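There are 2 protein chains.
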Amino acid sequence: MKGYEKLDEYIDKNLNQSLDELKTYVAQPSISAQNLGLKECAQMVKEMLEKRGFKAEINATDGAPVVFGEIKGKSDRTLLIYNHYDVQPPEPLDLWESPPFEPQIRDGKMYGRGVSDDKGHLTSRLHAIDAILAEEGELPCNIKFIIEGEEETASVHLHDYIAENLDKLKADACVWEFGSVDHRERPQQYLGLRGICYVELSVTALGTDVHSGIGGSIFPNAAWRLVWALSTLKGSDERIRIPGFYDDVIPPTERDREFMEKLPDVEEEYKTRYGVKEFIKGLTGGTDLKMEEVFTPTCTICGLTSGYQGPGSKTVQPAFASAKVDFRLVPGQKPQDILKKLRAHLDAEGFRDVEITFLGGEPAARTDPDHPFVKMVVESAEDVYDIPMDVVPMIGGSGPSYPFVHDLGLPVVTMGLGHPDTRAHAPNENIRIDLYVQHAKHMARVIKEFAK
Amino acid sequence: MKGYEKLDEYIDKNLNQSLDELKTYVAQPSISAQNLGLKECAQMVKEMLEKRGFKAEINATDGAPVVFGEIKGKSDRTLLIYNHYDVQPPEPLDLWESPPFEPQIRDGKMYGRGVSDDKGHLTSRLHAIDAILAEEGELPCNIKFIIEGEEETASVHLHDYIAENLDKLKADACVWEFGSVDHRERPQQYLGLRGICYVELSVTALGTDVHSGIGGSIFPNAAWRLVWALSTLKGSDERIRIPGFYDDVIPPTERDREFMEKLPDVEEEYKTRYGVKEFIKGLTGGTDLKMEEVFTPTCTICGLTSGYQGPGSKTVQPAFASAKVDFRLVPGQKPQDILKKLRAHLDAEGFRDVEITFLGGEPAARTDPDHPFVKMVVESAEDVYDIPMDVVPMIGGSGPSYPFVHDLGLPVVTMGLGHPDTRAHAPNENIRIDLYVQHAKHMARVIKEFAK
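In the order they appear, the protein sequences are chains B and D. Last residue of the first sequence: number 471 in the working numbering, and the count goes up by one each step with no gaps. Last residue of the second sequence: number 471 in the working numbering, and the count goes up by one each step with no gaps.
I should point out that these hints are in silico values taken from the structure, not numbers from a laboratory. There could be a bad hint or two in this list.
No distinction is drawn between identical chains; accordingly, a pair holds when it is met within one copy or between any pair of copies.
Below, a list of computed lysine-lysine pairs in the DSS-like style, where the Cα atoms sit at most 27 angstroms apart [to be verified]:
(1) K296 x K333
(2) K333 x K290
(3) K21 x K394
(4) K300 x K333
(5) K333 x K21
(6) K333 x K353
(7) K359 x K333
Just so we're clear, the structure is a prediction, and the values are computed from it rather than from any experiment.
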């Protein structure tokens, strides 16, 4: 790609100014889980946008406010950029080598809570915008920012906010909050996220725990009721038995398989990293393993609790038992529909006594890997990173991309400054300065190429 | 019954002396769970026996020592009395109204750790022996005491001790460590205890917990493996599915049913006390409920633990899961046999990955309710309590009576000073002084009638 010399030069020369802005931004705690510093941080973000000439506003939601900003450019094409200003709690504090809210640069890295997830992404993107504004006087297209404050607490109000602001958020494409390189320094393009439906199943069988010598033969046992109910959800063949569970599944295409085939094999990595002796369903690696990992829906028990859990024996019959169950959904499936089918199934199987508490959900969302916007982002990346971007049509995790893809109808791409040791959500969260610069350069290209 | 006026008078007149001995005995902590004061207490018990002319010794075991004492009497009949000198830990201390190891008499009760379970039983029995020795110069029969120090930690070395000392412990009948009156002031004669086989089932499926977005579709899940394994043990019809589990069950007799019919109905009491809405197996009270409670073997989940158990959601696939499972056994079943059948069953069902840890067990044991010794004890009780004793052929709980019944071949009776608010194992453990006196009088009759 040609014509990026001046922008790249600006980005390199003015790096310290951008890092200083990031330091100030990170020094403002904004912990959504603890409702700490959110208003102050939203105000700071608004001012950061206004400094560049954005028209910015703070929009209230039923939770933390959303910062919205908009700037006009030459063409009438509009790029929507999604970020979040909230961060994870910094605990455990004693494991940090420097204080989490006093960002520090050591050995080519900046350390601090939120530098990677997601504050560095915002300032790096603003640095790219600064470069274009400085060198060219105006932006080549319109840019809108949507910067929420509840990403670390499941973005519970984001879908409603988007649904209520479809006109305001209208755009032609969307850049997601994060992105990263893998251990081979290869940037990753994640184009799909599975959905999720997370529930707690609980049973209260008695008014109190009872000595098992009394109750064992004649009283209902909460733990048994739970185990029997769970065992109707999925058999050891791994097939989920809730009637209609698979009805709306949109299967992957041959094209998806082509993309998955190109990705590195994960068999050995998973065996080593997670201590897997054998994969389930007879899987033995290769493309089948990679396909199964992301394109099938799941029913995972995330936790079980009942009765006595200490050392040795206690002869007690538990009054209460509960399980955390996480359904990962694939395109086509909807959390509310799965919830209804789960209730109907438990009732039909004789488990009206099993209560369901819905703990959150969102449908899957995908962007077509052959979309021209995706192609452009991938090609721009190679110009910066000198190595082709991996195109990953789907990953196993979940996130709030559904309203961007479906309510707003946008192709959504991931790009960013993460790296395998970035320690998001953990002590000593950090970014590599070299990747910070590369992300800004990639962003400058994406904005300019998108406008063409 | 005639001829007990002088003994009763002695027991009444010398009560304070016996209560003082109990106070000294209770003031010596002897907590087996914490290995605290056991040797000192065993020495004290030996001296208490020697004071009455017993030949006493302290026998080492692989755990706490056993105190054995023997005294000759007129006839060659021998009565074996089983007690224990260890007590439960006193915690939580702040709930005691007077210090647990500083026994105090208030409102006709003595308070202190172990007064009821089981120290008061011993001194009350010795008080009866003192009365006979004082009034008659010698005992009418031989008496042997076996007083162990690990009853509160499952009597783990008692069975071996008995098996190794069959000659020493040879006797014609046995008095059990405890007994009580119920809420109607009616003394209870418990003649059978179910056996038990307590296991922990555990699964380690991975080297570490994994994000459920990665592992859900392709890695084994420890919680699922456990749920599936458990669900093969017992179905919602409550039938235990381990092949051969019921093979050796000796069913109750018509005579057992006659005894059970006479006992008070438990339906309303259980519904109120334990918040039972509905009994299992379609039971609705009456004799069927009482029979089912004690004469059927069980498979009870006492505890479940795996993965995330806190509030809200955590998307994790657990590496580890475990369950505590308590099998209550009826006469004929043996814990080691059940353990073997459980292992074979899990293997056959494809659950070689489920580990079994044996946490303790003993077989059931019963004494024939029509045994002449039982009849004599029951009749003697009515002479003291002025109300017929309930004869309970079997209770739901378990205890170490198997070696007494089967290795030593003895009829075993329960008699004692417990009452519904005696708070054994709890703060403010207490005995009622009136029941202490009645137990001593009952004991004096049992010793004399037994010798005839």
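A quick look at each hint next to the structure:
Proximity of K296 and K333 under a CA criterion of 27 angstroms is satisfied inter-copy only: 24 angstroms between copies versus 33 angstroms inside one chain copy. In this assembly of identical chains, the alpha carbons of K333 and K290 lie at most 27 angstroms apart only when taken from different copies (23 angstroms versus 36 angstroms within one copy). Proximity of K21 and K394 under a CA criterion of 27 angstroms is satisfied intra-copy only: 17 angstroms inside one chain copy versus 107 angstroms between copies. For the homomeric pair K300 and K333, the shortest alpha-carbon distance between copies (25 angstroms) is at most 27 angstroms, but the shortest distance inside one copy (37 angstroms) is not.
In this assembly of identical chains, the alpha carbons of K333 and K21 never lie at most 27 angstroms apart, being 73 angstroms within a copy and 47 angstroms across copies at closest. In this assembly of identical chains, K333 and K353 lie within 27 angstroms of each other by CA distance solely across copies; the values are 20 angstroms between and 42 angstroms within a copy. When the C-alpha separation of K359 and K333 is checked against a cutoff of 27 angstroms, the pair qualifies only between copies, where the shortest distance is 22 angstroms, while the shortest distance within a copy is 38 angstroms.
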